[in-house]
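K.L.:
Residue-level listing of the chains:
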Amino acid sequence: MAKEPKVKDPIVDSSMSWSLSIASVLLLVSTVWAFWDEVVTMRPWKGYQKTFVDLYASYLDKVEPGLVDEESRIRSSDDYEALTAEMESAQSSTADEVTEIDRKLNKEVNPQIATLSKSLQKVRGRVNQMNWELEIANENQKDSRRNEMAEFKKGPFEVEGSSESYTFDQLLAEFTKLKEERASLIQARANATREADTFRNRRASLVSRRLTGLSVDQLNGLKRGLDEFNVEIKQIHVADVDLVDRCESCHLGARQPIDITAADMDGHGVYASHPRRELLDIHNPDELGCSPCHGGNGIATRSVEKAHGKYKHWLWPLFDAENTEAGCLQCHEGTMHVEGAPTLNRGLELFQNLGCWGCHRREHFNQDVLDIQAVVQAKGSLDRRMSTLDKKIGQYNEVAENRDSTDEQVEEALSTIKKSTLEMSAFTTEMSELSKTQVSLIRQRKRPGPNLKEIKAKLNRDWIPIWLAAPHAFREGTKMPHFRLSVDQLKAVSASIWQAALPASAPAQETGDAGRGQELFESRGCLGCHSNGTGSNEIGGTFAANLSRIGEKINYNYMVRWIFNPRQRLAPYSPALGRDLTAADYDEKGLPFEFDEDNALCPQTGEPIVNQNMTVMPSLRLTIEEARDVASYLMTQKTPGSDNLPDTSYMEDVSYRAMGDKLVRHFGCAGCHEIAGFELEGPIGTELTVEGSKPKDRLDFGLLTHDADREGWYDHKSFFQRKIGLHVDDESDPRNTTHRPDYFDLGKEKANPLEKLRMPDFHLDEEQNLALTTFLLGSVDSRYPERFYHNPKGMKKDIADGWSVIKKYNCVGCHQVTPGELPEIQDMVIYQQNTEKAPPSLVGEGFRANPEWLAGFLANPALSDTNPHKNGVRPYLDIRMPTFYLSDIEVAKLVRFFNAMATQPSPYIQPSVQPLSDQELTMARDAFLAADCLKCHATSDDPASFTEDIIAPSFAFTRERLKPDWIKRWLLDPAQLMPGTQMPTGLFIYKPDEERWVTQDKPPASMANYKGDHVELFVRYMWQFTEQESEILGSK
Amino acid sequence: MDWAQLWKITTLPDNIPIVLILLLLPYFTWLGLKQAFANDRLIKKLESDPEMAKTHHRKVEPYSKGWDKLVHVWPYLLRIEFLVAVIITVIMLVWSILLDAPLEEPANPNLTMNPSKAPWYFLGLQEMLVYFDPWIAGVVLPSLIVVGLMAIPFVDVNPLGSGYYTFAQRKFAMITYMFGFHFLWIILIIIGVFLRGPGWMLFWPGMTWDHHRQVDEAYVHLPQIFGLENPLLMAIFGVVALIAFVVVTGGITHVFFVKKMASTYKKMNLIQYGTVQFLWITMLALPVKAVIWHMFRIKYVLITPWFNI
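Here the protein sequences come in this chain order: A and B.
Counting the first sequence from 1 gives a position; my numbering is that position plus 1252.
Counting the second sequence from 1 gives a position; my numbering is that position plus 759.
Quick caveat, the hints were computed from the structure, so don't treat them as lab data.
Hints may be right or wrong, so weigh each one.
To be verified - From chain A, some residues computed to sit far from chain B (all C-beta separations above 12 Å):
| # | residue |
| --- | --- |
| 1 | F1420 |
| 2 | P1759 |
| 3 | A2154 |
| 4 | P2167 |
What the hints assert, rightly or not - Computed beta-carbon distance windows for the label pairs:
| # | chain 1 | residue 1 | chain 2 | residue 2 | range |
| --- | --- | --- | --- | --- | --- |
| 5 | B | N867 | A | L1955 | 55 to 61 Å |
| 6 | A | N1988 | B | M760 | 31 to 37 Å |
| 7 | B | S902 | A | Q1625 | 56 to 62 Å |
| 8 | B | N867 | A | N1988 | 53 to 59 Å |
| 9 | B | M760 | A | P2044 | 33 to 39 Å |
| 10 | B | S902 | A | D1538 | 55 to 61 Å |
Quick reminder that beta carbons are idealized off the backbone N, C-alpha and C, glycines included.
Okay, chain A solo, but in the shape it has when bound:
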């Protein structure tokens, strides 16, 4: 085959060098790219860390000068120098002593110990070994070994630098002696330098206290840290939860000891320090991580989007800044008040007050109903056990009484009867306890809306459809939401509730004085919860309804009755019978038709009844005349021309009833209102307890799912925001059309109008929408173990429980409960001008008041059974502490709340106060008069004794009401306990040489020789302040 081929063979002759080299280059490039991707692209935090180091270093350079100035200024201040001088003088006075001690320590004792211990160690090792061998030796060898050891111990042993020789015991004794000597020397040195050290510490704390930022040393430390900065993943690993949070790989400034803002870091917000550092002190990130509170994917480091969990497959994305507080609920479930989380608290409050829980079950809301059910069940089972026992007793009775029974049988029967009777009495006690609890629970159960059984007596019939059609048009800001009812539906619902109402009417009342009524309305405390007037004229609280158009809807007679006591019902409701009771029910049993607090049992069944309106509105204990005045005033609150309402005679048409009842059930009216026949209706809406962690696919975005997905709002937050609705004043704002509860019905064809979304429109404003959205976002199924949960115990639990009562009855509408949060009502001009006329602050109430007294006061704030029309403690106030008809459970919760807020030990044991001798009594009385106490304080409970000048509580209740420790503190420094009080400070001055407090003014003559403590004397005097004493004082 020597012949040259004409055509080149494509297999043999073609060279593949080019293709191979190009492929190789590509391989090389892609390999390099792969490395680059691995090391740089996929680790963006490296870049973040490098930038941080640069920016932080230059920032630290910038902050330094200011701090140095500040520091040197402090160091040259008089205080500092005075302390330095004192420190130095203290040092020099003991300098010789200290030098001598140091010399002894360093030159004598320590070297001796060192040499001795060298010898001792050698010998002791041997002795220890011998001892051990002795211990494990055979019995017959023990003696010889013991002797051997004793022989060894005799030595003699040499000690370095000493000519003497010692036995082992001598060595040991010598060693112990030296060590004791050293200890006493060290103690002596500490004593000698203590004074100087105290000054040195005070000087140091002077610097650290006055210096807001860091000291120069700390700053330098930070800078050194930056020099050695390691570019690496900074992660928190919480092992037991398997939680890995690498947030700080980029958020490097989060826990820096210095406050860093975005501006400090050249606008890089990522490096800013945690905006609420104080929270990190409680929630240590090393134990809890970051993502449990904030959300986000803590492990991811590839991109901002991934790490923040803002992508499709991460189910727990980072909360937006405005919703951050949603994270609190992860662990802080079951409380109405999370400290430091105002938005969330507002959400909780709205959920409670707007009655969201009427339709949507949510754990920790509407708990009373569940508790009542539990009690009823417990009673049922107890009842069954009792009747079984009863039968058993009956049977044995028969045996015992049967003449044919043998003696043994009779004896057995009698003993069984005895045992069973005992058991029965235990059951009876338990039953009555349960009934008591049930009465309490029924009393404290409230509904967000008024009782519709009374509307025939209460309302102007023509007004009802107007209201139902557009509640917010009638009363802006009302909590009654807008249901999208058609004209027919509106008629049917109006007719249904009208016809379901009780036929009773309120007794006729005379007309009152509207002018006086207005005065009372504005001063008695109505404005703590209610507002009146519109726009800029609006005054009062937002907790309850705005009353500016109340006159258009209400019947005067009912109004009087309501103001007099809103809890008074037209007819009681018996849950056991499932209907309202009538006078006939009472007649049948020969009982009067009375169902007040003392008659809370059903005459027919003996079971507890609902004998109060389920409203939180309290009674202000007005007289009936006053109630008429206020009602007359409120009747004037109407807009002109409101008398001509369209005819509503159809509401009497029974043919509407069936459809109306169906609609009432359909729209869940009974979730908030008491409606005859619907008392037992359950919630009609979705349960919201874990709504925030519900899979997105199960949120009903309707036909908008795809739009939401593509426009980037397919998430829980946007869903909630739209679903709960929003009304902004700017008409052109697109949110007015998208943020509507029926938005997700858009484009849906629903032939049956009842298939449409039922969620009504609450006309929420932006703040409310944000708060509720935050609350819903936070309502999740926690992913973390119980260890993470905030499970308050003891005082913390008392506080949590108390808050729910405080919020329920809006105590904070009038009273200050926490420092710094002033109730709205105190913004009113009259209270700003005259703080003593405002409701008292309850900060420190637990320290002030005797809990037993407090419980009594809360139950009966008039502190009088005969004259309820007054304030118990402060009858001189126009504003009145109302009667809330709290249940025993609630009273106990409140008392424990105040106790816990003031960290008072529980139970309270009243300290004994030594009674005054006659001589002391005279002195105290004189001093009391001299101190002008009676200028402001009253001495009796009699309202007649309250003159214009009286602006402080009466002494009549002191002993029951106050704690002696508090009185003492109060006398010494009232301003500290209650800033802004009119009680003068500095009534007493301290005499250090006599170690006692004495009155500032010259004491009265009778006290000239008194050597005791004057404050003590005052307290003891007040402790035995009697009516008699009051009269004696009065006569003087």
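Once you've looked at the hints, dock chain B against the given chain A.
P.N.:
Frame of chain A; chain B shown alone:
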């Protein structure tokens, strides 16, 4: 036309292999067939020119006199394989850099995703579940696929076509393969990937995958079309219908064998021929069922208490 939806499906990292299949499968089929037809022409030439057959030892085109009749594996084959290995490595590297593994959220036993799709290579199986009951589509048919593949060496009596591309010499094998794999398996995968949306409803390309879509899916069983409601009669009718199907399709296959592939047919014994017939008929059952399902809304032909076909 919902382009966004289409784009979303096509660019999903999971679906990249399917998009590639759409392009590569036709290309390689074309390439293979081109070579096969070229070889077929060569075979014809060689058969008609015995002289040439003596010198021409390479069984492929092109060929030139003077070229070595045989070439070594190293370097001539291995260098090509090496080049391919390098290129594939580059592609894999770049692919893995650019696209992350399509991982999703942690599985939630309480929440099934919709549509809930098998991995792409199993979508054919999942698609079969639409037309047959799970017992047939999930157990019988997949087993038959495996058994059928295993049976190939035993039923393949054709010794030709080893080591070179050819169509003419292996007509039956090629047609069977292209029908079974390209047409049935790949088409089913493509339907599963691109046309099956939420609720496993059929969405044409460009339709929005709307979870709220409602379709009228009132299906009947074949016997019911003929007015039968009694289960026993329905079962009997189903068996008759199945037998009719077997007779018709078997007859057509038989005619094809006898007329077009007489030599092969003669070489086969009864078991071999029976196996081939059985597998073919079964394979044909799938498209036939799919067609009557879609065209006449027929759910099952044979209904028994134990299984349905």
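K.L.:
Now look at each hint and say whether the structure bears it out.
P.N.:
Checked hints:
1. F1420: holds, 70 Å
2. P1759: holds, 58 Å
3. A2154: holds, 47 Å
4. P2167: holds, 72 Å
5. N867(B) to L1955(A): 55 to 61 Å: For L1955(A) against N867(B), whose Cβ atoms are near 25 Å apart, the range 55 to 61 Å is violated.
6. N1988(A) to M760(B): 31 to 37 Å: holds, 33 Å
7. S902(B) to Q1625(A): 56 to 62 Å: holds, 57 Å
8. N867(B) to N1988(A): 53 to 59 Å: Violated - the Cβ-Cβ distance for N867(B) and N1988(A), about 36 Å, lies outside 53 to 59 Å.
9. M760(B) to P2044(A): 33 to 39 Å: violated, 59 Å
10. S902(B) to D1538(A): 55 to 61 Å: holds, 57 Å
Hints 5, 8 and 9 from the list above are not met by this structure, while the remaining hints are.
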